[in-house]
Amino acid sequence: MGVCLEEYQLGEGKVRLNMAGEQRRLISDDGVRHDGRRPDELRPIKMSVGVLKNANGSAYVEQGNTKILAAVYGPRSVHPRHLAYPDKARVRCRYHMAPFSVETRKSPAPSRREVELSKVLREALSHAILLEQFPSTAIDIFVEVLEADGSTRCAGINAASLALADAGIPMKDLVAACAVGKVDGYLVVDLTDLEDKNGEVDMPFAMMYGKRKVTLLQLDGKLSYEEFLKAVDMAVVACERIYMMQKEALKQRYLTLRKSIEGGGST
Amino acid sequence: MISKVKKAQILSLLNSGRRVDGRTLDQYRNIKVETNLIGRADGSARVSIGDTLVLAGIKYEIGPPFPDTPDLGVLTVNAEFLPLASPTFESGPPDENAIELARVIDRSLRKAEAVDLSKLCLVPGKSVWIAWIDIYVLNHDGNLIDASALATSAALLSSRIPQADVEEERVKVNYEDKVPPPLSKMPVTVTIAKIGDTLVVDPVLDEEEAADAKLSLSVVEGKLCAAQKSGEGVFEVEELQKAASMALSKGEELYSYLKTLAGGT
Chain A
86 MGVCLEEYQL GEGKVRLNMA GEQRRLISDD GVRHDGRRPD ELRPIKMSVG VLKNANGSAY
146 VEQGNTKILA AVYGPRSVHP RHLAYPDKAR VRCRYHMAPF SVETRKSPAP SRREVELSKV
206 LREALSHAIL LEQFPSTAID IFVEVLEADG STRCAGINAA SLALADAGIP MKDLVAACAV
266 GKVDGYLVVD LTDLEDKNGE VDMPFAMMYG KRKVTLLQLD GKLSYEEFLK AVDMAVVACE
326 RIYMMQKEAL KQRYLTLRKS IEGGGST
Chain B
6 MISKVKKAQI LSLLNSGRRV DGRTLDQYRN IKVETNLIGR ADGSARVSIG DTLVLAGIKY
66 EIGPPFPDTP DLGVLTVNAE FLPLASPTFE SGPPDENAIE LARVIDRSLR KAEAVDLSKL
126 CLVPGKSVWI AWIDIYVLNH DGNLIDASAL ATSAALLSSR IPQADVEEER VKVNYEDKVP
186 PPLSKMPVTV TIAKIGDTLV VDPVLDEEEA ADAKLSLSVV EGKLCAAQKS GEGVFEVEEL
246 QKAASMALSK GEELYSYLKT LAGGT
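Order-wise, the sequence lines are chains A and B.
Numbering of the first sequence is given in this note's numbering, commencing with residue 86 and proceeding in unit increments.
Numbering of the second sequence is given in this note's numbering, commencing with residue 6 and proceeding in unit increments.
Here are some, though not all, of the chain A residues that point toward chain B, as calculated from beta-carbon distances under 7 Å:
1) Val-200
2) His-212
3) Thr-300
4) Leu-308
5) Val-317
Okay, derived cross-link-like pairs now, DSBU-like style, lysine-lysine, Cα gap no bigger than 35 Å in a straight line:
6) A:Lys-315 x B:Lys-190
7) B:Lys-9 x A:Lys-257
8) B:Lys-37 x A:Lys-204
9) A:Lys-191 x B:Lys-124
It should be emphasised that the hints constitute simulated quantities derived from the structure, not laboratory data.
Backbone N, C-alpha and C fix where the C-beta goes; we use that ideal spot for every residue, glycine too.
Build the full structure now, drawing on both the sequences and the hints.
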C-alpha cells in the first residue's frame, strides 16, 4: 500500500506489563500489529451469501476469527398488528451473541450491550432500505455472533447488509462497516478483541459507501480533533474495501446459481 | 410522532437560519444546575435545559468487585425514563432508549477517566466501593443525553464518599465522616441534531422528532472521549467534522456550569 507508518503514530502508546512483568506492546516499533498486520490492513475476510434455506436472505461473514451469521425475514406481516407503520415497513433487528462465542460463557439472555447494539445496528441499516415500498410490514434482521474476536458489530452490519440484498429487498446501497481504533498510539482498522480490550480507542463506523452517507458512528476512547478526522478518513477507506468485497460476494452468489441452472439443476 | 405541518415549519425556519424557539443554530437553551438536593443520596444534581429536567443521584455502597478487575471499584450507570416525564414513556424495565443513554454516559465517564476506580478498592478481590449512578428523567423536552451527562458530572463532583478503614481485610466504615471521591476531569456531552441539511445543537423535542439523526459527542479536556450516532438518518462525512468542532467549542461552555462545584475543573 505504500503507507507511511509515522503518519499513524500520533502519541505515546501505553506501556503494558505482561504476567512476567515484561513490557508488552501490541504494536512493534516498526508498526506491525500483534497479528502481523499493518495499521491500515483488514483481517482476512470471507463472505458468503444465501447460506440458510428458510430465511428470505442470509449471509455468513468471517473477519479473522470473528464469525457472524445474519438472516433476514420479510417483508412479512407484523404481529402484534398495532406495531405496523401505515406508510412504510418496520425494521426490527436483533444482535445476539452465542453463549460459546466469548472467553467465559455468556448467558443467552439479551444483555444491556446487546439491546444497545440491536438498536444501533437497526439504525445503521434501515436508511439503506426502501421502506416506503412495503407499508404495514416488518423486515426482521437477525445477527448471530458465533465467535467474537473484535469488531463484531461491524462484521454484523456487513453480514446483515448482504442478507438484506440476498432477500431481494430493494435498497439504496449496501452498508459497509469497519471499526477504527487507537492502539499503542497508532490508529488501526478492524480491531481484534485483544486490541479492543487493551487499546485506547474503539470507533465503530458504517456507511453506505456508494452514496457516501455515514449510518453509524460510535466512539469509545479519547481522540483529539485531528485524530478524529484521521480516524474517519481511515474508516472511509476501509469501508470502500469491504464494500467491494460485499459486491463481489453478491455476484458470486448469482454466478453459482447460474452455473447450477446451466449445469442442469444439479449443484 | 410529529405533525407534517410542524415539521414543515421547523424546516422552513431552518432554511433561513432560525429555530422554532428563536435560538441560533449553536445556542443552548437556558441551563440550570443545582446540587445536593437529596439528603439521603451521597451526591445529587438536578439539571434543567429549557423544559427538559433530569435528576441524577449517587449512592456509594460496599460490594464485591468484578472477578476480572479485582482491584478496581465499580461504576454503574442506570437511567429511568419515568412515566411522569412524558406521555410517551411507559412504566416497566428500561427500554432500548434508556439503556442506550445510560451506556453512552457510562462510556464517557470511563474514557474520560472521571473516577479513579483504583482508589475505590478496599480489599482486592473482596470489597470495593460501588458507585451507583441513577439518572431520573423528570420532564422530557428533548436532548436528554446532554442534561443527563451534565447532571451526572455535577452529582459526582458534589458527592461525598464515607471514610473506610481497612484492618486485616476488615472494612470499617465511618458514615459520619465523608470525603470527596477520587475524581479527575469530568466529561460533558454535546448533542447535535441533523434536521434537513442543517446541524443544530441542543434540539428540543419537536426538533428531535423532525431530525433525521443525532450525534452525541462527549468532550473532556479539549478531546472527544465518546460518541453515539442515533436515529435512522445519515450524516455526510464533512458533517462529522463540523459536528466535532461544534461539540468541542460548546463543551467548553457546558464546563462553566461545573466550574463552581467543589473540585470542579
